Amino acid sequence: MTREVLIKGICALIFSGEFAWGVIFYRNSDDKRNGSRQRYLPYVSGLVLPMCMLALLICSLIFTDVETTVQVTQAFCFGVFLHICLYYILLMPALPFLRRHISARACAVLWMIPNYLYLTQMVFMRLPEPYWVIEAPFMLVQILSAVWLIGFLAVFGWKICSHLVFRGRILRDALVVTDAAVLAIWHQEMEAARLRKPKIGPVVSPNIRVPLSVGLFQHSIRVVLPERNYTFEELALIFRHELIHIGREDSWNKFFLVFCTAMCWFNPLMWAAMKRSSEDLELSCDETVLLDSGDDARRQYADLLLRTAGEEQGFTTCLSASADALRYRLKSVIAAKKKRSGALTVGLVFFLLCMSSGYVAFACGESTGAEVIYRSAPSEQYVLRNVEGGDLICTDEIALHRYLSALRMEHIEGNYSFVQEETALSLMFETPEGPLAVTLSDRFIKLFPLYGKANAKYYYLPDGTDWDALSECIVESPEPRYQ
5 MTREVLIKGI CALIFSGEFA WGVIFYRNSD DKRNGSRQRY LPYVSGLVLP
55 MCMLALLICS LIFTDVETTV QVTQAFCFGV FLHICLYYIL LMPALPFLRR
105 HISARACAVL WMIPNYLYLT QMVFMRLPEP YWVIEAPFML VQILSAVWLI
155 GFLAVFGWKI CSHLVFRGRI LRDALVVTDA AVLAIWHQEM EAARLRKPKI
205 GPVVSPNIRV PLSVGLFQHS IRVVLPERNY TFEELALIFR HELIHIGRED
255 SWNKFFLVFC TAMCWFNPLM WAAMKRSSED LELSCDETVL LDSGDDARRQ
305 YADLLLRTAG EEQGFTTCLS ASADALRYRL KSVIAAKKKR SGALTVGLVF
355 FLLCMSSGYV AFACGESTGA EVIYRSAPSE QYVLRNVEGG DLICTDEIAL
405 HRYLSALRME HIEGNYSFVQ EETALSLMFE TPEGPLAVTL SDRFIKLFPL
455 YGKANAKYYY LPDGTDWDAL SECIVESPEP RYQ
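Residues 5 to 487 in the working numbering are what the sequence shown lists, from first letter to last.
No wet-lab data here; the hints were simulated from the structure. Keep in mind it's a predicted model, so treat the numbers as computed, not measured. C-beta: ideal position from N, C-alpha, C; glycine also. Careful, some of the hints might be misleading.
Claimed, not checked - Straight-line C-alpha distance at most 27 Å; calculated DSSO-like pairs for lysine-lysine:
| id | residue 1 | residue 2 |
| --- | --- | --- |
| 1 | Lys461 | Lys450 |
| 2 | Lys279 | Lys342 |
| 3 | Lys279 | Lys343 |
| 4 | Lys163 | Lys279 |
| 5 | Lys341 | Lys279 |
To be verified - Between beta-carbon pairs, the in silico distance windows are:
| id | residue 1 | residue 2 | range |
| --- | --- | --- | --- |
| 6 | Arg41 | Glu231 | 31 to 39 Å |
| 7 | Val70 | Phe29 | 22 to 30 Å |
| 8 | Met143 | Phe452 | 25 to 33 Å |
Please work from the sequences and hints to get the whole structure.
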């Protein structure tokens, strides 16, 4: 085990412990006896990963050129969203087992923890090098990237537009609730929730069939009721359900899941995963609504779900659900079983998610050492000044230039050090532009211009490093370098 893998494991363990503790903390916060703190806290913020990507894009454009920005963003998207695809594909078949043994709250958290995959791109989470490199021609990568970008913008734009259209339709003819009895129940549930948000009130719309909450931002959130009569007990359950969604920021959670689906639009299983994740958010809400409730309250809530089944749209949270999801929800409400908190499961899953990241990288754009290292200039203009990696000297600089010029190289990006110290060989050249450091490992090469504002660049060597060929021109010095 290398030092970097050990550091990665320690950091992953710390983050996993925080997630496990969070599941228990959120469970305690749902209890109405938890003092003056807000109840129904969000599991994780649905904006974390999208905002990190946006910040990365903006910072890259400010401090680097467009080409570097494209490469960095491409590497980030490839690593994170490949992992998200695989994670959700593995999570879906495991859900029936997980739902039977751990709380709905923990199942909902499992859908959201990829939001923190940006942590795997931090320096303290890097690996020495990837274990598997996927190679592709540069032109193919450009075409596929363009197709992916068009698909992402189309899906994400479609989802946002459909949400705005739906929101506009249901609020167009909506009227603010003025019934004193209904408002008394609303204020009672608001006080019980202790939400630290601007005061919001319910509205009634003729354009919906089921109660729901809509809105991403605090000032735009609305709890919408259909034009039908509810008993006071049913209104209390409806308001509690929607306030739980609002407190947990489930609209932003759905935004994150839509964002992931748009990023992985080419994977049909991601669309199924988005639907299943919405089910778990609702199951978690049901679990909290009926916290410490008796059989009568459970039957009443089940009857309410049964009579208000419908489809949700956009980034809304809906009291009921589609018919195919309703059966399981009714069973969970009526025949509730005592389950484990799931804190340990959440912590373990996030630990495995962190530790498994980074082992696959992407390389494209094959070129030669003559084009990349020497930039098509005569090798005679590159003078070897120093050899690092032990007491080594170069006995045949022409042969060294010939070997480096013939290298097949493919550009690679990622969160790696790219250097295994026990096999690394560092060469320092004096070039017409300034000093150039070249570091070779078994499968990778690092070029670091020590002049101007140039950054280090890394390349994959499909043929590997031929240490036997290098040993013919670079040998151990007969005299120790240091006395």
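Structure-based check of all given hints:
1. Lys461 x Lys450: 6 Å, holds
2. Lys279 x Lys342: Holds: Lys279 and Lys342 sit about 25 Å apart, inside 27 Å.
3. Lys279 x Lys343: 24 Å, holds
4. Lys163 x Lys279: Measuring from Cα to Cα gives roughly 14 Å; hence the hint holds.
5. Lys341 x Lys279: 24 Å, holds
6. Arg41 x Glu231: 31 to 39 Å: 36 Å, holds
7. Val70 x Phe29: 22 to 30 Å: 44 Å, violated
8. Met143 x Phe452: 25 to 33 Å: 28 Å, holds
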